[in-house]
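The chain contents come next:
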Amino acid sequence: MSIQPPDKNWFRAPEGAEKMWIGIALVWCFAMSLMMPYWHFRGKQNARGETYAVSADDFWERTEIFVKDNQVGEIDGVPVVEPAPGSDAYLASRMWYWYPILKLRQGESYRIHMSSLDINHGFSLQPLNINFQVLPGYDHVITMTPTTTGEFAIVCNEFCGIGHDRMIGKIIVE
Amino acid sequence: MSTSHTSSCSLDAPGAEARTCATTGLRVCLTAQQFIKLNAVAAIVFLLLGGIAAILLALTRWQAVHLLPVDWFYRILTFHGLNMLIFWILFFEVAVLYFTATTLLKSRLFSKGVAWVSFLMMLTGAVMTNIVILQGKADVMMTSYLPLLAHPLFYLGIILVAVGTLIAVFNFFATLYIAKRDKTYEGSLPLVTYGAMAAAVIAVIPLLHGAIVMVPTFTYSLGLTPEPDPMWYRMIWWGLGHMSQQVNVAAMVAIWYLIAYLAVGAKPLNETVCRGAFVLYILFINLAAAHHLLVDPGVSPAWKIWNTSYAMYLAVLASMIHAFTVPASVEVAMREKGHSRGIFGWIAGLPWRNPAFSAAVLSLLIFGFVGGITGVTLGTQQINIIAHNTLRIPGHFHATVVGGTTLAFMGLTYYVIPLIFRRDFIWRGLARAQPWLFGGGILLVSFGMSFAGSLGVARRVHDIEYAGVYGPAAHFFLGLLGIGAIIAVFALLLFVVLCVGTVLFGAKLGERPMTDWGAAEKTFDAPPAGSLAHAHWAMKGTMALTSVFLLSFVVYYFANWKALADVWPVQ
Numbered sequence: 112m113s114i115q116p117p118d119k120n121w122f123r124a125p126e127g128a129e130k131m132w133i134g135i136a137l138v139w140c141f142a143m144s145l146m147m148p149y150w151h152f153r154g155k156q157n158a159r160g161e162t163y164a165v166s167a168d169d170f171w172e173r174t175e176i177f178v179k180d181n182q183v184g185e186i187d188g189v190p191v192v193e194p195a196p197g198s199d200a201y202l203a204s205r206m207w208y209w210y211p212i213l214k215l216r217q218g219e220s221y222r223i224h225m226s227s228l229d230i231n232h233g234f235s236l237q238p239l240n241i242n243f244q245v246l247p248g249y250d251h252v253i254t255m256t257p258t259t260t261g262e263f264a265i266v267c268n269e270f271c272g273i274g275h276d277r278m279i280g281k282i283i284v285e
Numbered sequence: 098m099s100t101s102h103t104s105s106c107s108l109d110a111p112g113a114e115a116r117t118c119a120t121t122g123l124r125v126c127l128t129a130q131q132f133i134k135l136n137a138v139a140a141i142v143f144l145l146l147g148g149i150a151a152i153l154l155a156l157t158r159w160q161a162v163h164l165l166p167v168d169w170f171y172r173i174l175t176f177h178g179l180n181m182l183i184f185w186i187l188f189f190e191v192a193v194l195y196f197t198a199t200t201l202l203k204s205r206l207f208s209k210g211v212a213w214v215s216f217l218m219m220l221t222g223a224v225m226t227n228i229v230i231l232q233g234k235a236d237v238m239m240t241s242y243l244p245l246l247a248h249p250l251f252y253l254g255i256i257l258v259a260v261g262t263l264i265a266v267f268n269f270f271a272t273l274y275i276a277k278r279d280k281t282y283e284g285s286l287p288l289v290t291y292g293a294m295a296a297a298v299i300a301v302i303p304l305l306h307g308a309i310v311m312v313p314t315f316t317y318s319l320g321l322t323p324e325p326d327p328m329w330y331r332m333i334w335w336g337l338g339h340m341s342q343q344v345n346v347a348a349m350v351a352i353w354y355l356i357a358y359l360a361v362g363a364k365p366l367n368e369t370v371c372r373g374a375f376v377l378y379i380l381f382i383n384l385a386a387a388h389h390l391l392v393d394p395g396v397s398p399a400w401k402i403w404n405t406s407y408a409m410y411l412a413v414l415a416s417m418i419h420a421f422t423v424p425a426s427v428e429v430a431m432r433e434k435g436h437s438r439g440i441f442g443w444i445a446g447l448p449w450r451n452p453a454f455s456a457a458v459l460s461l462l463i464f465g466f467v468g469g470i471t472g473v474t475l476g477t478q479q480i481n482i483i484a485h486n487t488l489r490i491p492g493h494f495h496a497t498v499v500g501g502t503t504l505a506f507m508g509l510t511y512y513v514i515p516l517i518f519r520r521d522f523i524w525r526g527l528a529r530a531q532p533w534l535f536g537g538g539i540l541l542v543s544f545g546m547s548f549a550g551s552l553g554v555a556r557r558v559h560d561i562e563y564a565g566v567y568g569p570a571a572h573f574f575l576g577l578l579g580i581g582a583i584i585a586v587f588a589l590l591l592f593v594v595l596c597v598g599t600v601l602f603g604a605k606l607g608e609r610p611m612t613d614w615g616a617a618e619k620t621f622d623a624p625p626a627g628s629l630a631h632a633h634w635a636m637k638g639t640m641a642l643t644s645v646f647l648l649s650f651v652v653y654y655f656a657n658w659k660a661l662a663d664v665w666p667v668q
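Those protein sequence lines, which keep their order, are chains C and X. Following the working numbering, the numbering of the first sequence begins with 112 at its first residue and continues without gaps. Following the working numbering, the numbering of the second sequence begins with 98 at its first residue and continues without gaps.
Bound conformation, chain C alone (with noise of 0.2 Å):
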């Protein structure tokens, strides 16, 4: 009984069809267990949480370079940027909005850096729906390849207080 003390002889092993189901529970959260080393090594989206620390003035400052060395226009005031295939680019995130501009190559692979110059922030790519987390005085480095071409917008999608649902930025893939 539930609420009553067990018998005294209580400590046995389980039998028959529960034995069964425990055994193959377990087999299935062994092979559970098994896919994320499995795809961190075959497979292709992985989070690797690539990190180096950075102060929100410094990662301002390499953003503003980024920026003045590739910057190939502008959209409503924001630059558009096109890094060089494999190389390194920079997003920086802060109260409300996104900058710059992304303008990548479809098949090639980018280092992007995220960090937040104030609070938290969430890089939230749509249609796609890739997400990841940024932090301020955390240099977060994606490899990211395009494999589709089009206007992707990034949401934040980390509450960051009244202006959060507009601060929208955008990746454009040729």
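FYI, nobody ran anything at the bench for these hints, they're computed from the structure. Keep in mind the model is a prediction, meaning the values are calculated, not measured. Yeah, the Cβ is synthetic: ideal placement off N, Cα and C, and Gly gets one too. Among the hints, erroneous ones may be present.
[Claimed, not checked] In silico DSS-like links for lysine-lysine, alpha-carbon gap of 30 Å or less:
| # | chain 1 | residue 1 | chain 2 | residue 2 |
| --- | --- | --- | --- | --- |
| 1 | C | Lys214 | X | Lys277 |
| 2 | C | Lys119 | X | Lys280 |
| 3 | C | Lys119 | X | Lys659 |
| 4 | C | Lys119 | X | Lys619 |
| 5 | X | Lys434 | C | Lys281 |
| 6 | X | Lys434 | C | Lys119 |
| 7 | C | Lys130 | X | Lys280 |
| 8 | C | Lys119 | X | Lys277 |
| 9 | C | Lys281 | X | Lys659 |
[Said to hold, decoys possible] Across the chosen pairs, the derived CB separations fall in these ranges:
| # | chain 1 | residue 1 | chain 2 | residue 2 | range |
| --- | --- | --- | --- | --- | --- |
| 10 | X | Asp168 | C | Ala164 | 43 to 49 Å |
| 11 | C | Asn120 | X | Arg116 | 55 to 61 Å |
| 12 | X | Phe573 | C | Ser198 | 40 to 46 Å |
| 13 | C | Asp118 | X | Lys234 | 25 to 31 Å |
| 14 | C | Ile135 | X | Lys619 | 30 to 36 Å |
| 15 | X | Lys234 | C | Val183 | 41 to 47 Å |
| 16 | X | Ala570 | C | Asp168 | 41 to 47 Å |
| 17 | X | Leu648 | C | Glu172 | 51 to 57 Å |
| 18 | C | Thr260 | X | Ala656 | 25 to 31 Å |
| 19 | X | Trp329 | C | Ser198 | 30 to 36 Å |
| 20 | C | Val138 | X | Ala656 | 46 to 52 Å |
Model the placement of chain X on the given structure of chain C, informed by the hints.
Okay, now just chain X, sitting in the frame of chain C:
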């Protein structure tokens, strides 16, 4: 009267401040009864506040309605999270702890004074936090990620609730100690008390994390100490935020066993297996805080994989074990009562009109099939890339914490009020319908959120139109969320009206037993009791149901790997 100076804390001791329950024959400690009442009433008040907030939020996310202005949306979202996830659940859990440690062990509560200190601290903290939020001085969400900063009293309120709860947990353990010392019961703890003890052990760790993260944040908000690191804050905060949900899981499972016993007379097939599963929770569930840091900077893949798998998913194994043992114990009890036709014949004989029972069944199904499967999948390190901070996350936890924990707590309340407040429920027909309405509504909420999230809609966003990327499908699912919330909040209000109406106006029971909600009955040709005690393959229906469950799990899990493989390569 003689003043018998007995040192025993047994409720059977002469002079014990206790009464005998007219329904169950169990002894009830009057001090514990008083604090079960106080904590249950406070819990239901906070549930009501959180429910009012819920409908305002859902009708704002439903873009066609878009009710609240932007500042009030974030304010009410902060309010909703804290009232539902922290206040309602913690107050109810304290009531459960006091019940399982006293009545089931035939022991008095360790200390009335400690219970008062705990209750008043928790109440003060909860009221303080709510006032600060509604004044607009803490629009920081429940998580209050630094460097976002709230008014100092917001943090102080949360610290008071956490410490007050820790004090109640201490009172629980002290009661277990004096009961053991005075031998108020023989042998081992009853399974339900054992489950509550597991919940209490697990509770200590998150509550300590809460103190570790909130105290320096509080002193920082006062300008006394430097700003804590934002990543450190996230890691320690989730030591509070996620681990406290595992307290709810353990408490909910204990309630499943309790209601299965009350409504069907089910007893565990193998106490070792059930208790072992609770031990797995204690040992491994605390790693789950890492689920929130899967796409964060600063933590390595090895750290993420080890922690998010709860060390090879041994805590998931525990839930999968309960998912078998609870229905199997019910099925075997039903077959012993003579409901033995075919694989599923026993299901027809279950007491479906008993709202506690239907609530427990729905809680188990929603928690397992929706909450559990989505939780493990979203908490897979790489799959989190296509889920983090989207509406898929609240879609998951509304199935675990609301469809699972809250519904189980509601079910238990259909026994708590007649047995502890000693009044029969008013409007019994509506009470029988309430769990179905609430469960159905919350399922729609969960589906709406999960599918909208799969289409990329973020959580915690007032307006999705600025992004310009969400089409009619996303809007349809946000509408589904809205409709589900209307049904669920209606059922929540019905629950509150039923409870408050019963406590104030229900027929007083006095020394009469409660009017039974309905229990499983024996058929005329039932085999003798205990005839299936050694039939280890008798639970055919449970085997079929758990096979369907495992199949759904596998399909959903690998479908998500496929969805992940379809997005851009990211490293």
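Taking the hints in turn, this is what the structure says about them:
Our distance criterion of 30 Å between C-alpha atoms is broken by Lys214/C and Lys277/X, whose separation comes to about 70 Å. The hinted pair formed by Lys119/C and Lys280/X meets the criterion: a straight-line CA distance of about 15 Å does not exceed 30 Å. In summary, the hint linking Lys119/C to Lys659/X is not supported, as the alpha carbons are separated by about 50 Å, beyond the 30 Å threshold. Annotation: proposed proximity of Lys119/C to Lys619/X holds, straight-line Cα distance about 28 Å (limit 30 Å).
At most 30 Å may separate the alpha-carbon atoms for a hinted pair to count; Lys434/X and Lys281/C exceed this at roughly 65 Å. Restraint check for Lys434/X and Lys119/C: satisfied, since their Cα atoms lie roughly 25 Å apart, inside the 30 Å limit. Proximity of Lys130/C to Lys280/X is assessed by CA-CA distance (about 34 Å); at most 30 Å being required, the pair is judged violated. For the hint pairing Lys119/C with Lys277/X, the CA-to-CA distance comes to about 16 Å; that is within 30 Å, so the pair holds.
Among the hinted pairs, Lys281/C with Lys659/X is consistent with the structure: their alpha-carbon atoms are about 26 Å apart, no more than 30 Å. In this structure, Asp168/X and Ala164/C break the distance hint of 43 to 49 Å, their C-beta atoms being roughly 34 Å apart. Hint check: Asn120/C to Arg116/X, Cβ distance near 34 Å, so the stated range 55 to 61 Å is violated. Between Phe573/X and Ser198/C the C-beta distance comes to about 42 Å, which sits within the given range of 40 to 46 Å.
A beta carbon spacing of about 57 Å between Asp118/C and Lys234/X contradicts the range 25 to 31 Å that was offered as a hint. For the hinted restraint 30 to 36 Å between Ile135/C and Lys619/X, the CB-CB distance of approximately 33 Å keeps it satisfied. Checked against the hint of 41 to 47 Å, the C-beta distance between Lys234/X and Val183/C comes to roughly 45 Å, which is consistent with it. Take Ala570/X and Asp168/C: their Cβ atoms lie about 43 Å apart, and the range 41 to 47 Å holds.
Range check, Leu648/X to Glu172/C: about 55 Å between beta-carbon atoms, so the 51 to 57 Å window is met. The given range of 25 to 31 Å is respected by Thr260/C and Ala656/X, whose C-beta atoms sit roughly 26 Å from each other. At roughly 32 Å, the beta carbons of Trp329/X and Ser198/C sit within the given window of 30 to 36 Å. Between Val138/C and Ala656/X, the C-beta spacing of about 20 Å breaks the proposed range 46 to 52 Å.
Taken one by one, the earlier hints fail for this structure at numbers 1, 3, 5, 7, 10, 11, 13 and 20, listed in ascending order.
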